[in-house]
Amino acid sequence: GAVVSQHPSWVICKSGTSVKIECRSLDFQATTMFWYRQFPKQSLMLMATSNEGSKATYEQGVEKDKFLINHASLTLSTLTVTSAHPEDSSFYICSARGTSGSQYEQFFGPGTRLTVL
Amino acid sequence: EDQVTQSPEALRLQEGESSSLNCSYTVSGLRGLFWYRQDPGKGPEFLFTLYSAGEEKEKERLKATLTKKESFLHITAPKPEDSATYLCVTHSGSARQLTFGSGTQLTVLP
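Respectively, the protein sequence lines represent chains A and B. Residue numbers for the first sequence follow our numbering, so the first one is 1 and each next one is one higher. Residue numbers for the second sequence follow our numbering, so the first one is 1001 and each next one is one higher.
For the record, the hints were derived by calculation from the structure and aren't laboratory data. Hints may be right or wrong, so weigh each one.
Claimed, not checked - Simulated crosslink set (DSS-like; lysine-lysine; CA at most 27 Å straight-line):
id	chain 1	residue 1	chain 2	residue 2
1	B	Lys1042	A	Lys20
2	B	Lys1063	A	Lys66
3	A	Lys41	B	Lys1063
Please model the complete structure; the sequences and the hints are all you need to start from.
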């Protein structure tokens, strides 16, 4: 149980284009989903927290107009990187927290490698 | 401010050589301490949750323990496939988000 998927697993795009990343909880309902980014050899950095049906809460320094988050259902959240630039290249990881079991456990997706040319 | 410190940063073991990874934490109102395994290019994989001092959890060759200040991840007779970065993460009542340790990169040599 507690499986989280992400799609795509990797994406290459041109500078100025937008990219959408999907995060799904496959076998549980996720009341809260989180988006992280991770640079090589560094720890995960929380970008934003989203609750189903409400606006995402962004961490300080994260541009909400650049990183659009939608949490339309209890099993799906999307992150759209708008007008991507090379400095947005990173490893993006989502996680989900469920409605059953421990309310504090987060289960992570496999990540999406974004490369902006 | 919550702090999580893991040691060592890197550990190389021979196959079958048991050892322990350390996680020291300073948090206000611990609600849960989590261990994750992260392979290169992958998201963290959930291993254990510990809630209170004295608690222990086991899974195959791994055993996690918790005291009021530390957690240990014991690896018994490791195999090369246990090679990964192991992350210690806390959730507390005072922090809005998880606090991540910097990880221990474990390499098990055949």
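Going through the hints against the structure:
1. Proposed proximity of Lys1042/B and Lys20/A is supported: the alpha carbons are some 19 Å apart, at most 27 Å.
2. A threshold of 27 Å between alpha carbons decides the hint, and for Lys1063/B with Lys66/A the separation of about 42 Å lies outside it, so the pair is violated.
3. Between Lys41/A and Lys1063/B the CA atoms are separated by roughly 26 Å; this keeps the pair inside 27 Å, and the hint holds.
In this structure, the one hint that does not hold is number 2.
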